[in-house]
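**Q** Protein chains in written order, with my numbering: chain G, 1 to 201; chain Z, 1 to 113; chain P, 1 to 621.
No lab work stands behind these hints: they were computed from the structure. Model, not experiment: these values are computed from the prediction. The reader is advised that the hints may include incorrect statements.
For each label pair, taking beta carbons as the anchor points, the in silico distance ranges come out as [said to hold, decoys possible]:
1) Z:Tyr43 - P:Val289: 54 to 62 Å
2) Z:Ala36 - P:Val380: 50 to 58 Å
3) Z:Ile33 - P:Val380: 53 to 61 Å
4) G:Gly50 - P:Lys607: 41 to 49 Å
For glycine and all other residues, C-beta sits at the position ideal for the given N, C-alpha and C.
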Amino acid sequence: MADHAATHAVHDPNIGTTGLDHRKMGMWAFLGSDCMFFGSLIGTYLAYKGKSISGPSPRDVFDIPLTSYSAALLLASSLTMVLALAALQDDRVKVAARWLLATAAMGLHFVLNQVYEFWTFVHHHDLTLSTSLFGSSFFVLTGFHGAHVTGGVVWLLLLVGLAWGGRLDKRDHTKVEIAGLYWHFVDIVWIAIFTVIYLIP
Amino acid sequence: MVDPDGTAAATQGEGGGHVTVKTYVNVAIVLAIITALEVATLYIPGIPSSLLVGILLVMSALKFYLVVGFFMHLKYDHQIMRALFVGPLMIAIAIILAVMALFSAFLLLPRSH
Amino acid sequence: MATPAAFMPGAKAEVPTFWGVIASWLITVDHKRIGILYGSSAFIFFLIAGIEGLIMRLQLARPDNNIVSAQTFNELFTMHGTTMIFLAIMPMSAAFFNYMIPLLIGARDVAFPRLNALSYWIFLSGGLLLHASFLFNAVPDGGWFGYANLTSSQFSPSHSIDFWMLGLQILGISSMLAGFNFLVTIINMRAPGMTLMRMPVFVWMSFVTQFLIVLAFPAITVALILLMFDRFFGTLFYAPAAGGDPLLWQHLFWIFGHPEVYILILPAMGIVSEVLPTFARKPLFGAPVVIYSGIMIGFFGFGVWSHHMFSVGMGPVADAAFSIATMLIAVPTGVKIFNWLGTLWGGSIRFRTPLYFSLGFIAMFTMGGLSGIMHASPPVDLQQTDTYFVVAHFHYVLFGGSVFGLFSGAYYWWPKITGKMLDERLGTVHFWLMMIGFNVTFFPQHYLGLIGMPRRIYTYAGDLGWTFWNLVSTIGAFTVALSFLVFIGNVIKTARSGQVAGPDPWDGRTLEWSIPSPPPVYNFARVPEVRDRDDLWLQKYGDGHEGAPRPKPAPVTAAEIAAIYMPPTSFWPILLAIAMAVMISGLLISMYQVIVGGLVTLLFMYKFAVEYHRPAGGNRH
Numbered sequence: 001m002a003d004h005a006a007t008h009a010v011h012d013p014n015i016g017t018t019g020l021d022h023r024k025m026g027m028w029a030f031l032g033s034d035c036m037f038f039g040s041l042i043g044t045y046l047a048y049k050g051k052s053i054s055g056p057s058p059r060d061v062f063d064i065p066l067t068s069y070s071a072a073l074l075l076a077s078s079l080t081m082v083l084a085l086a087a088l089q090d091d092r093v094k095v096a097a098r099w100l101l102a103t104a105a106m107g108l109h110f111v112l113n114q115v116y117e118f119w120t121f122v123h124h125h126d127l128t129l130s131t132s133l134f135g136s137s138f139f140v141l142t143g144f145h146g147a148h149v150t151g152g153v154v155w156l157l158l159l160v161g162l163a164w165g166g167r168l169d170k171r172d173h174t175k176v177e178i179a180g181l182y183w184h185f186v187d188i189v190w191i192a193i194f195t196v197i198y199l200i201p
Numbered sequence: 001m002v003d004p005d006g007t008a009a010a011t012q013g014e015g016g017g018h019v020t021v022k023t024y025v026n027v028a029i030v031l032a033i034i035t036a037l038e039v040a041t042l043y044i045p046g047i048p049s050s051l052l053v054g055i056l057l058v059m060s061a062l063k064f065y066l067v068v069g070f071f072m073h074l075k076y077d078h079q080i081m082r083a084l085f086v087g088p089l090m091i092a093i094a095i096i097l098a099v100m101a102l103f104s105a106f107l108l109l110p111r112s113h
Numbered sequence: 001m002a003t004p005a006a007f008m009p010g011a012k013a014e015v016p017t018f019w020g021v022i023a024s025w026l027i028t029v030d031h032k033r034i035g036i037l038y039g040s041s042a043f044i045f046f047l048i049a050g051i052e053g054l055i056m057r058l059q060l061a062r063p064d065n066n067i068v069s070a071q072t073f074n075e076l077f078t079m080h081g082t083t084m085i086f087l088a089i090m091p092m093s094a095a096f097f098n099y100m101i102p103l104l105i106g107a108r109d110v111a112f113p114r115l116n117a118l119s120y121w122i123f124l125s126g127g128l129l130l131h132a133s134f135l136f137n138a139v140p141d142g143g144w145f146g147y148a149n150l151t152s153s154q155f156s157p158s159h160s161i162d163f164w165m166l167g168l169q170i171l172g173i174s175s176m177l178a179g180f181n182f183l184v185t186i187i188n189m190r191a192p193g194m195t196l197m198r199m200p201v202f203v204w205m206s207f208v209t210q211f212l213i214v215l216a217f218p219a220i221t222v223a224l225i226l227l228m229f230d231r232f233f234g235t236l237f238y239a240p241a242a243g244g245d246p247l248l249w250q251h252l253f254w255i256f257g258h259p260e261v262y263i264l265i266l267p268a269m270g271i272v273s274e275v276l277p278t279f280a281r282k283p284l285f286g287a288p289v290v291i292y293s294g295i296m297i298g299f300f301g302f303g304v305w306s307h308h309m310f311s312v313g314m315g316p317v318a319d320a321a322f323s324i325a326t327m328l329i330a331v332p333t334g335v336k337i338f339n340w341l342g343t344l345w346g347g348s349i350r351f352r353t354p355l356y357f358s359l360g361f362i363a364m365f366t367m368g369g370l371s372g373i374m375h376a377s378p379p380v381d382l383q384q385t386d387t388y389f390v391v392a393h394f395h396y397v398l399f400g401g402s403v404f405g406l407f408s409g410a411y412y413w414w415p416k417i418t419g420k421m422l423d424e425r426l427g428t429v430h431f432w433l434m435m436i437g438f439n440v441t442f443f444p445q446h447y448l449g450l451i452g453m454p455r456r457i458y459t460y461a462g463d464l465g466w467t468f469w470n471l472v473s474t475i476g477a478f479t480v481a482l483s484f485l486v487f488i489g490n491v492i493k494t495a496r497s498g499q500v501a502g503p504d505p506w507d508g509r510t511l512e513w514s515i516p517s518p519p520p521v522y523n524f525a526r527v528p529e530v531r532d533r534d535d536l537w538l539q540k541y542g543d544g545h546e547g548a549p550r551p552k553p554a555p556v557t558a559a560e561i562a563a564i565y566m567p568p569t570s571f572w573p574i575l576l577a578i579a580m581a582v583m584i585s586g587l588l589i590s591m592y593q594v595i596v597g598g599l600v601t602l603l604f605m606y607k608f609a610v611e612y613h614r615p616a617g618g619n620r621h
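Bound conformation, chain G alone:
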């Protein structure tokens, strides 16, 4: 029987004939697909913009300072994410875990801000999913973005758990890199949503 370790050392099943990692390639393909997903949701929002027949208007309910703060949070979390990856590639696992935790924490803060925002819309402005086209399209679009962020937070916390359990090190940098790609994508979708939905009149 062939020498197991030697066999596996020769062939990393994750690297393809272009020298690129399958998982990184797969993640970029997924992010391209997710552009179409959010594109359809944003297109829906814009198609219905200004066509609600009743209920509060965006200007009535949007809290620009709060959402600007949330936008800044996500941008900052993208920074901590790349710092986490850089630390891991330097084999500084504890430092990487801390940056990952910071990223997750900011992501969680973002989600909590959104929950608060949704709560005020419902309870202070009488804007719900079924109030108007604005209510429907706003909550579904930002809700699905928030769900993506939540999924990202869970993913990051799992990585932190693996790191604390001694199961993550420099060899796993691709896994952290693709988590990072997903996280940054969620950030750039927010860049688009923030501008197109909140800022543009």
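Dock chains Z and P against the given chain G, drawing on the hints supplied.
**A** Positioned in the frame of chain G, the structure of chains Z and P alone reads:
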């Protein structure tokens, strides 16, 4: 590893070697500044709507490019990764614009009724 | 753990037990087995959808018929269309993607074998959920394209639309996961020397198809999410009373739906592009042009969707834009047809069943394309839309096109997959019965449409002049059914006593014919070095310039085989698919099921992800 398209050579930068922590922090600072400018533009009195929209779109496109190019490393990655993302992005943007036109969000295509 | 030692010569085979065999299929990650799973499931769903079609044709054979009620008829055409598209043609194409792509590119498996298995089990759960509607007497009845706001809870209060909506979401997830898998496989796992332009054309068409899948399905995912929120949570996306526009559904659906028809036809075009050169003993005429045409069809396919909506009142500008785009897209399609004809011209033709079906494809798809080009003109389409003319058009391209193409692939690759040749005489009978039956069924429907017979009607009056050709069409349908029985008989006969096929029964041109039939689990004992698109042909016969063909390489040693690493089986794909199915079907039953199912799904996703992640301090596998 045999490399039929001669592409392996282009995969340097995989480990983040070209982008330093300093660069990341600088990009983050620029992003913060642009965000602040975006919000500030909103409060410029009497700014015409089309100019406001134009400025906001340009600024957010710039932020988009910075995050994708530097944080997501696409500027330094193999062109395959770029193709897998940029192509679909272009199609998505085209479809957003088409749907807006079809629903008269631009008032370009008048409804026939 | 799959031990290569089991494949060494002289190794003792384990005696398989019944449950052992079943288990091995449930936990397989082998692309060839997954391909067989897709193909068998697709064929069964095809038969179910075919029976639904036959019942419809029975009902329409005579005017004022009462074999089924109007409600049942609505369910029949909804399920027939949905099943044929999502549970028959797409998975049958997926069967070929799974089995053949790694073989054609000289790889040992796909990029993500467990994800591959997961895609299959998710597909199966989606098909089962859709058909569970029969058990609950809530069969989908809103048409395969489910137009809003017929599908709203106001006008479709029962669960029938929910089964359809959730079933399609599940199927969409399955297709997209497989799409990512094949994209990475094709880009990243080609044998050394196989540049993109040296890839077989079937792989190219499949490559474009995967892009279409991952880019088009998000649009229908959103359309279905908006519908789900309208039905379950009271949103107003398709609610006219609140300013909502039912056309939003139509746009989102067809942004998916048009690329979808290219998803349905490109794989079959790829198959034809492999079969014709083999049976004409000539390379594909203008292969690069065929490839570029496929890419253009895929790309521009995203710009024509509203040609399904010429009658809704979009206005002359939109109508003209989509009309022009639609006419333009006929160009690369037509180019391919000429390339196929050019392949045959001057070739040394061997008439065998795979070739018959490919020739049938060319003829029938061209006819479907001609009626399609007519639809591209909005004023003409206003006459034809929602009539049987459209029904004739899409059956010519989907049955005459996709189904004929898939059968061509089945007869062509059956020897590789099973090691046996399908019977040639039965194959010929199958072909002619199907060809004649298909045309008798659908050609008259062009006429019926033009004299005014609408689609989706469950009966008609006897004094409209539609009676005779409806009867003829029904006779044709049963002839097609008979041809299927011939095929099934052929399959059974071949399994029992079919002629053994060697590795290369057709004197093929591409890599799959260089390995045994059926292939060993590792496909290629030695990873091939590729010099040409028709590399095997080059190996066998040289290219006329070198003189002699390449010398045969040294035989493969046992040590080489022992060094091959194949991914081990895993039970997480099927378990995760079951958890997802429990979670999603909970939307029809109770929120507790959704929550519990959701938590279990998250847990299983984690277990799936860390299955090969090392334990604390240990080495990775």
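**Q** Could you run down the list of hints and mark each one as holding or not?
**A** Here is how each hint holds up against the structure:
1. At about 57 Å, the CB distance of Z:Tyr43 to P:Val289 agrees with the hint of 54 to 62 Å.
2. For the pair Z:Ala36 and P:Val380, the beta carbons lie near 56 Å from each other, so the given range of 50 to 58 Å is met.
3. Checked against the given bound of 53 to 61 Å, the beta carbons of Z:Ile33 and P:Val380, roughly 57 Å apart, stay inside it.
4. In this structure the hint that G:Gly50 and P:Lys607 lie 41 to 49 Å apart at CB holds, the actual value being about 47 Å.
In terms of the numbered hints stated before, the structure departs from none.
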